[in-house]
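Q: Model the full assembly from the supplied sequences, consistent with the hints where possible.
Number of protein chains: 2
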Amino acid sequence: MWLYLLALLVFYFLCRWYRERQTVKNLTEKYVFITGCDSGFGNQLARQLDTRGIRVLSACLTQKGADDLKKATSGRLKTTILDVTSTESIAAATEWVKESVGDKGLWGLVNNAGVGSPLTPNEWLTKEDFENVIRVNLLGLIDVTLHMLPLVRRARGRVVNMASMLGRLAFFGGGYCPSKYGVEAFSDSLRRELIPFGVQVSIIEPGGFATSIGQNIKERLKSIWNQASSDVKEAYGQQCFEKCREVTQDTHLQMEKKMVCTG
Amino acid sequence: MWLYLLALLVFYFLCRWYRERQTVKNLTEKYVFITGCDSGFGNQLARQLDTRGIRVLSACLTQKGADDLKKATSGRLKTTILDVTSTESIAAATEWVKESVGDKGLWGLVNNAGVGSPLTPNEWLTKEDFENVIRVNLLGLIDVTLHMLPLVRRARGRVVNMASMLGRLAFFGGGYCPSKYGVEAFSDSLRRELIPFGVQVSIIEPGGFATSIGQNIKERLKSIWNQASSDVKEAYGQQCFEKCREVTQDTHLQMEKKMVCTG
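Each protein sequence line maps, in turn, to chains A and B.
Residue 2 is where the first sequence starts when you use our numbering, and the numbers rise one by one after that.
Residue 2 is where the second sequence starts when you use our numbering, and the numbers rise one by one after that.
Some hints here could point you the wrong way.
Since the list gives no way to pick one copy over another, a pair counts as held whenever it fits inside one copy or between any two copies.
Unchecked claim - Think about it this way: if two alpha-carbon atoms lie no more than 27 Å apart in a straight line, the pair counts; the simulated BS3-like pairs of lysine-lysine are:
hint, residue 1, residue 2
1, Lys-99, Lys-234
2, Lys-128, Lys-99
3, Lys-234, Lys-72
4, Lys-244, Lys-219
5, Lys-105, Lys-234
These aren't lab readings, by the way, just hints derived from the structure by calculation.
A: And the structure:
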């Protein structure tokens, strides 16, 4: 009996050891396209994959972001300008990727571009506030994916979509949580559809990180409160706004501390 | 021991009996605003609440829908025309509701208006296909809610949002599942925000029902396939389209049968 258990345990650890020593071969011949490389996760990923020898195709929203990234990386890494809310811009980027990868196809598509929204109750906002976030985080991600899929299919590659823990739990109001819930839905149906083509779809669900997604969030919170209707201001009160500002500030400080800790 | 168990059981049934005989008082003085009353759930609900004596304010997309509903109901029920994708139309409907309810406020807001999408893989679609569904099912619902909330708060009422079982499991591609996932996120954060105001937020997650949301779905499926790129047509093949059409037809037949069974 004990011998069987021991044999099973050894077998389990052998399998695990074997699986974990598998590494992807020929990294220098693989192409990965990443959106939102100006800063944050996209920027970090582009730099890291570049040091591993992967052929990184980085899409930035701004020319400054692209220039800074180019300066900090090897000659292999290429950049382009991409606004994920514009189908024309996506079509142009797709042509650029197609020319870059040639017959090899796209081994990886990382949909990272996204915007945040301040920690406010829903009622302080307008439809436009929701729309602006959904247009980037959800519809932009979908549009980029639909354009790039033929190239990913050719390489039997993978799609990695940036969701969030806020795609499972709606902690606060505004468009961010609905957009990330939507990313979860899109990614899950896409994952099942692409299995027959040998294409994998994964999501990443980060917690709180002090990336530039939180930039100017206190100022944006203040301008939202200033624009709220008098009815809303009366119902929630100045005290509620002060509390929101405090929570935003605390959350930011916590995230910045965490960033220092995790390097 | 057995006596304790018996006492506990009796106590449980007494509590249940007491809870279930609670009914809402003064129904004839309560106002409920329902969107999407042309057909389906919205139409059924408007008729049922009208027979119970509630003051129903029905929003229809078409004049014909409004006329038909008026003919089938009492003089208490009022109708208006509303396109939930237009903020101007929502603002006009809000003014109309405000005038109708006076100081009483809105006891119930039922966000029912929605559109469906055919059972297709994501890759057959364009960004516009996703956008058209999200604009009605998610952004329209949010916009109506934001406009009506001051009236709901006045009556310490309730908001009922039409989600779907497809707001928890993304069975197929297109904008429907992401839009309903988004409704779940919005409703959950709203629910917590409105507790201090004595306003309740609920969601309904129906399974498959043969409402008019599935109208012309086979024709729409065909036109989507016809418009798909040659690359997509080659990858998926005519056989896959035939299978999709078959599944759509079967699902519809199943839903129609169910409708007959449940009356």
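Q: Within, between, both or neither: how does the pair Lys-244, Lys-219 come out at a Cα-Cα threshold of 27 Å?
A: This pair counts as within: shortest intra-copy Cα distance 12 Å, inter-copy 52 Å.
Q: I want to check one pair: Lys-234 and Lys-72. Are their C-alpha atoms no more than 27 Å apart within a copy, between two copies, both, or neither?
A: For Lys-234 and Lys-72, neither the intra-copy (48 Å) nor the inter-copy (42 Å) Cα distance is at most 27 Å.
Q: Up to 27 Å between alpha-carbons, please classify Lys-105 paired with Lys-234: within, between, both or neither.
A: Cα proximity of Lys-105 and Lys-234: across copies only (21 Å, versus 57 Å in one copy).
Q: Within a copy, between copies, both or neither: where do Lys-128 and Lys-99 come within 27 Å Cα-Cα?
A: Answer is between; shortest inter-copy Cα gap is 20 Å, intra-copy 37 Å.
Q: Within a copy, between copies, both or neither: which one fits Lys-99 and Lys-234 at a CA-CA cutoff of 27 Å?
A: between (52 Å within a copy, 19 Å between copies)
Hint compliance for this structure: hint 3 alone is broken.
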